[in-house]
Amino acid sequence: MVQTSRSHDTATIRISGRFDFRCVKSFHAALDQGCATWVVDMSAVEYIDSAALGLLLLLRERAGNDPARVRIRHANGQPRDVLVMAKFDRMFVLED
Amino acid sequence: VLRSARFEFRTREEAVAIARWLGALVPDSACTEFALLELMINAIEHGNLEIGAHPKSELVRAGALDAEIARRLAEPCYRDRVAWLDVLRSDDMTAYTVGDSGPGFAWQTVDEPGPDRPSGRGLSLVRQLSDSLAFNPTGNVVTVRLR
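Residue numbers (the numbering used here), protein chains in the order written: chain A, 130 to 225; chain B, 13 to 159.
Mixed in with the good hints there might be a few duds.
[Said to hold, decoys possible] Pairwise CB distance ranges, derived in the manner of DEER restraints: (1) A:Arg135 x B:Asp123: 35 to 45 Å; (2) B:Pro88 x A:Asn205: 37 to 47 Å; (3) B:Ala74 x A:Asp218: 38 to 48 Å; (4) A:Asp195 x B:Asn148: 39 to 49 Å.
[Said to hold, decoys possible] Just a sample of chain B residues kept apart from chain A, beta carbon distances all over 12 Å, derived: (5) Ala17; (6) Leu37; (7) Arg91; (8) Ser102; (9) Val138; (10) Gln140.
These aren't lab readings, by the way, just hints derived from the structure by calculation. All C-beta atoms in this analysis are idealised placements derived from N, C-alpha and C, irrespective of residue type, glycine included.
Model the full assembly from the supplied sequences, consistent with the hints where possible.
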C-alpha cells in the first residue's frame with residue numbers, strides 16, 4: 130500500500146507490505162503531485178522487487194536527478210539488501 | 013519431502029503465488045522468492061508477451077505497463093501461451109528452471125541498465141543471488157541454482 134502525506138515542501142511516500150509491481154499505479158499517482166523534496170519511508174516494507182526499483186528511479190528522475198531531493202528512509206532486511214545489491218546506495222541517500 | 017514439481021502460469025499474480033509458496037520451503041525465503049519472481053515475470057512480460065526491454069522501460073515511465081500486459085494477455089496470438097517452472101530439490105541446493113513460449117532473446121549481450129532506465133535490473137540481481145544461472149541457446153529457458 131502506498132500513502133502520501135505532505136508537510137511544507139516535502140512529500141513523504143509511505144509504503145507498507147510488498148513494494149512490487151502492484152504498487153505501480155498508486156506510486157505514479159503520488160509522483161504526479163510534484164514536490165520539492167521527497168522522503169520514501171520504507172519502515173513497513175517487507176519485500177521489494179525490481180519493479181519497485183524502477184519506481185524509485187522514476188522518482189529520482191522527477192526530482193531532477195538531484196540526490197538531495199530524494200531520501201529513502203528505514204529500509205531494512207530484504208528491501209535494503211536489494212537496494213544495495215542494485216547499487217542504489219550510490220544513487221540515493223539511504224537513511225536509517 | 014518435495015523433490016520435484018512443475019508449475020504452469022500465465023499471469024504475474026499466479027507467479028507471485030507460486031514464488032511465495034516455494035520461498036516458504038527454504039531457509040532464505042526472501043532470496044528464493046525474489047529470484048523466482050524476477051525470472052517468472054520476465055518469462056511472462058518479455059517471453060510470452062514479447063514486450064521488449066526498451067518498450068518496457070517506456071511503458072513503466074508512462075505508467076502503462078499494466079494495461080499493455082492485460083491487452084496482450086487477451087490477444088489471440090499471446091493468450092494461449094503458458095510459462096512453466098520446474099523445481100528439482102536436493103538436500104542443500106535447488107535447481108529452478110523457468111521456460112516460456114516466446115522466441116527467446118540474445119541473453120549473451122544484455123547489459124546492466126544505467127540509472128536512466130527504470131527496468132531491466134531483475135536478471136543481474138538474480139545472477140548475484142544465485143550459485144549459477146544459465147540460459148538455453150535460444151534464451152527462453154533459464155535455470156538458476158539456489159541454496
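Distance rule for valine 138 of chain B, whose beta carbon must clear each one in chain A by more than 12 Å = violated (9 Å)
task = Hey, is alanine 17 of chain B genuinely clear of chain A, shortest beta carbon separation above 12 Å?
result = Since the minimum Cβ distance to chain A is about 23 Å, alanine 17 of chain B lies beyond 12 Å and the statement holds.
request  = May I ask you to check that arginine 91 of chain B keeps its beta-carbon over 12 Å from the closest beta-carbon of chain A?
outcome  = Check passes; 20 Å lies beyond 12 Å.
key: chain A versus glutamine 140 of chain B - minimum CB to CB distance exceeding 12 Å, so not interface   = Label violated. Min Cβ-Cβ 6 Å, cutoff 12 Å.
request  = Could you check the hint for me, namely that aspartate 195 of chain A and asparagine 148 of chain B are 39 to 49 Å apart, CB to CB?
outcome  = At 43 Å between Cβs, range holds.
message = Range first: 35 to 45 Å. Now tell me if the beta carbons of arginine 135 of chain A and aspartate 123 of chain B are that far apart.
response = Given about 38 Å between the Cβ atoms, the range holds.
ask   = That 38 to 48 Å hint for alanine 74 of chain B and aspartate 218 of chain A (C-beta), does it hold up?
value = For aspartate 218 of chain A against alanine 74 of chain B, whose Cβ atoms are near 28 Å apart, the range 38 to 48 Å is violated.
ask   = In this structure, is the beta-carbon distance linking proline 88 of chain B and asparagine 205 of chain A contained in 37 to 47 Å?
value = holds (46 Å)
Beyond 12 Å from every chain A Cβ - status for serine 102 of chain B = holds (25 Å)
message = Minimum C-beta separation from leucine 37 of chain B to chain A exceeding 12 Å: can you confirm that?
response = At roughly 17 Å from the nearest Cβ of chain A, leucine 37 of chain B sits farther out than 12 Å, so the non-interface label holds.
Taken one by one, the earlier hints fail for this structure at numbers 3, 9 and 10, listed in ascending order.
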